[in-house]
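4 protein chains.
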Amino acid sequence: MSKINIDEIRARKITDSFDRQAMMQGFGAKITAISEGGVTLSAPIQPHALQQHGFVHAGLTFALGDSAAGYAALTMMPDDAEVMTAEMKINLLAPATGEQLIARGRVIKPGRRLFVTAADVYALKGETETHVAILQGTMVPV
Amino acid sequence: MSKINIDEIRARKITDSFDRQAMMQGFGAKITAISEGGVTLSAPIQPHALQQHGFVHAGLTFALGDSAAGYAALTMMPDDAEVMTAEMKINLLAPATGEQLIARGRVIKPGRRLFVTAADVYALKGETETHVAILQGTMVPV
Amino acid sequence: MSKINIDEIRARKITDSFDRQAMMQGFGAKITAISEGGVTLSAPIQPHALQQHGFVHAGLTFALGDSAAGYAALTMMPDDAEVMTAEMKINLLAPATGEQLIARGRVIKPGRRLFVTAADVYALKGETETHVAILQGTMVPV
Amino acid sequence: MSKINIDEIRARKITDSFDRQAMMQGFGAKITAISEGGVTLSAPIQPHALQQHGFVHAGLTFALGDSAAGYAALTMMPDDAEVMTAEMKINLLAPATGEQLIARGRVIKPGRRLFVTAADVYALKGETETHVAILQGTMVPV
Chain A
1 MSKINIDEIR ARKITDSFDR QAMMQGFGAK ITAISEGGVT LSAPIQPHAL
51 QQHGFVHAGL TFALGDSAAG YAALTMMPDD AEVMTAEMKI NLLAPATGEQ
101 LIARGRVIKP GRRLFVTAAD VYALKGETET HVAILQGTMV PV
Chain B
1 MSKINIDEIR ARKITDSFDR QAMMQGFGAK ITAISEGGVT LSAPIQPHAL
51 QQHGFVHAGL TFALGDSAAG YAALTMMPDD AEVMTAEMKI NLLAPATGEQ
101 LIARGRVIKP GRRLFVTAAD VYALKGETET HVAILQGTMV PV
Chain C
1 MSKINIDEIR ARKITDSFDR QAMMQGFGAK ITAISEGGVT LSAPIQPHAL
51 QQHGFVHAGL TFALGDSAAG YAALTMMPDD AEVMTAEMKI NLLAPATGEQ
101 LIARGRVIKP GRRLFVTAAD VYALKGETET HVAILQGTMV PV
Chain D
1 MSKINIDEIR ARKITDSFDR QAMMQGFGAK ITAISEGGVT LSAPIQPHAL
51 QQHGFVHAGL TFALGDSAAG YAALTMMPDD AEVMTAEMKI NLLAPATGEQ
101 LIARGRVIKP GRRLFVTAAD VYALKGETET HVAILQGTMV PV
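Protein chains in written order, with the working numbering: chain A, 1 to 142; chain B, 1 to 142; chain C, 1 to 142; chain D, 1 to 142.
A couple of the hints might just be wrong.
It does not matter which identical chain is meant; a pair holds if it fits inside one copy or across any two.
No more than 30 Å apart at the CA atoms, straight line, and that leaves these computed lysine-lysine pairs for DSSO-like [claimed, not checked]:
hint : residue 1 : residue 2
1    : Lys-125   : Lys-3
2    : Lys-125   : Lys-109
3    : Lys-30    : Lys-109
4    : Lys-13    : Lys-3
5    : Lys-30    : Lys-3
6    : Lys-30    : Lys-13
Derived from the structure by calculation, the hints contain no laboratory data.
Since this is a predicted model, take the numbers as computed values, not measurements.
With the hints as extra help, turn the sequences into a complete structure.
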């Protein structure tokens, strides 16, 4: 995992929280990079993540993008805060197929009560990365 | 499963498509009602569907609501069409906890190229049904 | 204006706030009904509210729906609070044309920090009311 | 107006369409830049564009961002196509105040039936540009 501009304690808080997300674990998702205001996740594309056409289910694309955005927000929240999604919107750009799903979340605007966040999700097939979804939404510290 | 105002062949098309959604199967989701323009899904709340606070992961709440909305649209699409989500937005109303998650999808406006849809998601804990999310989005026939 | 289940002071607060919205005034918008958790607005469809095809500009449809949702939230906020939109999503259902635009806003879920709201917008042409847009979004007390 | 990577005829189509948007004209909005897949608009912040707190009404922020995104899509659509908004979501980042509102729209993903677009809106006060809103939505050729 790459860590840029973020101290060890804060990075540990993010990974500990992520490790307790049973659903993310069930999909084999991992944090691959953390920086101040940005988190990258990846997950293998497995049979149990597909929909009826053999593409990744929009639910997993959403879950990975939403988690990346949420943890990006958590990097900038007070030490004792946890993060919850208030609302999130996804636009799907292309069917997701291949070996790996990658989500890059970032903070657009931090705040005391609301964090506006965004995420991009990509599908990796061989050497080709396809942009499959964009997400925009609001995270709240709890 | 309750079927209202929908013929047997159309209902079969919906259930066959749903049965091929590996991710929905993995979460134990079932269709519980189909009508013209409306589909209800339910899924047990299981350990592998949770996030770090022990509530249902927003990804599953989204996936169930999105699927209910998509299949609601499919009830009104041409026989040879399948359905894909173009975009979807979710507002989370309350943490989801209990035994069962229920999603009721409906068509707001059918169209030749775009279907505007909505869904409500509820968590059932004992006798109490809590409204946990609303979704609004666009489905396309493919 | 119809007032249902709402006291005079609260209704006055809403109308006073609305009267200070220069943009709403510029479009001739009026409050036509207030209840606890619901506000209806209407505006004449005038030449300066149109886009390039002669239909109502999505900006006005949005503005009216957003205002109806915001004031619906304000009916349930503390006396000294004002309301601001945190985020809002609109799906357009049909081109808006006719004499009058009507927006019905409602609170889906009140909260201390966030109010989830929705609105429906209709265009009135003669006796025919066409459903032209649905909105879903978040209001915050300030 | 700056024109980059776009031929004269296409640029003329965009400006002609924009000039027929009565609502944009009423707010004094202008196209300030056009490129393949990108359009920038600006509008003076005038008294009739305000809401009850003296900030720019979310309706105008939305209208300007939505128009910038729509015209960005139109730069990549067939010659005989016009553009309509199917759906759009806005997250407001900060109150908009100052002399000028600027919206930069761009195409995220062009398509035959759907264009996924985004826009950023800024308020210019003296030398300071404040990021006031982000938009994400779908445009359709008609």
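Structure-based check of all given hints:
1. Lys-125 / Lys-3: Intra 25 Å, inter 37 Å, cutoff 30 Å: intra-copy only.
2. Lys-125 / Lys-109: Intra 32 Å, inter 19 Å, cutoff 30 Å: inter-copy only.
3. Lys-30 / Lys-109: Both: 25 Å inside a copy, 27 Å across copies.
4. Lys-13 / Lys-3: within (13 Å within a copy, 48 Å between copies)
5. Lys-30 / Lys-3: Intra 14 Å, inter 42 Å, cutoff 30 Å: intra-copy only.
6. Lys-30 / Lys-13: So Lys-30 and Lys-13 pass the 30 Å test inside one copy only (15 Å; across, 36 Å).
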